[in-house]
Amino acid sequence: MRGILLAGGISALFAFFATPVLIKFLAKKGFGQFIREDGPTTHHIKRGTPTMGGLILISASTLGYGLSHLITSIAMTTSALLVLGLVIALGFVGFIDDYLKVAKKRSLGLTARQKIFGQVVAASGFAYAGLQFPDRDGLTPISTNLSTVRDTSIKLSILLVIIWVVFMVLGTSNGVNLTDGLDGLATGAAVMVFIAFILIGVWEFGQSCAVSPGLKCYNVRDPLDLAVLAAAFAGACGGFLWWNASPAKIFMGDVGSLALGGALAGIAITLRIQLLLAVLGFLFVLITASVIIQVAYFKISGGKRVFKMAPLQHHFELLGWGEVTIVIRFWIIASLGVAAGLGLFYAQWVVS
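Residue numbers (this note's numbering): 296 to 647.
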């Protein structure tokens, strides 16, 4: 528990105090956000706001996690290090995309294919490495069994595991990227999911087969250290949110949204709660679904739209809702998803 508090506190403080320094640096360099002309007109005033704030999220969470282990003299675990590797790799892809945008002075960076290729490479490397490094009980960071609130009896081949992990990472990282359209929306929603991961990781550790053998015990590699890592990300998001909330002084950019999505997917995969992530991160699923529905219906109907604009948050903007109102109401939706996910997780323990 001490490591969790240290990781969260250190990363929150670093993000809070380092973000304004990064804002000044990015503003001096002219690294500002470019706004789509076809988007809501209320966003035009945001043009020039410093972007690439995700660099703070990555550095703060890494620092918080690392210093907590240094202070407590507890060794870092393979599972957490692999998740951090995934986060840094995806953040690098996002950084290239962001840099090209600000360097070319336009809203397009990497092409969709280039971005997806980078994400697939990062996710594939994470998946393959996660199937290695068994501990003394034979547990690897990533299980070959499909998981819901715990591992199921459905066993996948190594190839299918890698494909499934790539699908989860792509879906989550792009889902966070789509959600990051209003000030503080994605950051605040991510904090809630990371807090849920802390609770799940601590519970899995207390009821692990190594600590408390029994029919209901969890066979999860390094759950407590994954809770420490989740606390580091929650703290980083909390400190950054102070500056990212409306009116945002900085945006996280693709370097932040892809990295956060990778953290969410990576921790869910290593905690053996893969399908539960769809409930815990319901807001991200909802917003991603709105884009899929919009594009599919547009093609099928020959140009008609279901929403005034996708992603979903922009639909409500065009209906006249204020940005802060949308963010708060979407946070409520996100909190309900987290509550439902935690309910399903603990209910399984009670009824099984």
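A couple of the hints might just be wrong.
[Said to hold, decoys possible] Result set (BS3-like, lysine-lysine): computed pairs, CA atoms no more than 25 Å apart in a straight line:
no.	residue 1	residue 2
1	LYS544	LYS323
2	LYS450	LYS410
3	LYS594	LYS410
These are computed hints drawn from the structure, not numbers from a lab. Bear in mind that the values here come from a model prediction, so they are computed numbers and not experimental data.
So, going through the hints one by one against the coordinates:
no., hint, in the structure
1, LYS544 x LYS323, "holds, 14 Å"
2, LYS450 x LYS410, "violated, 30 Å"
3, LYS594 x LYS410, "holds, 23 Å"
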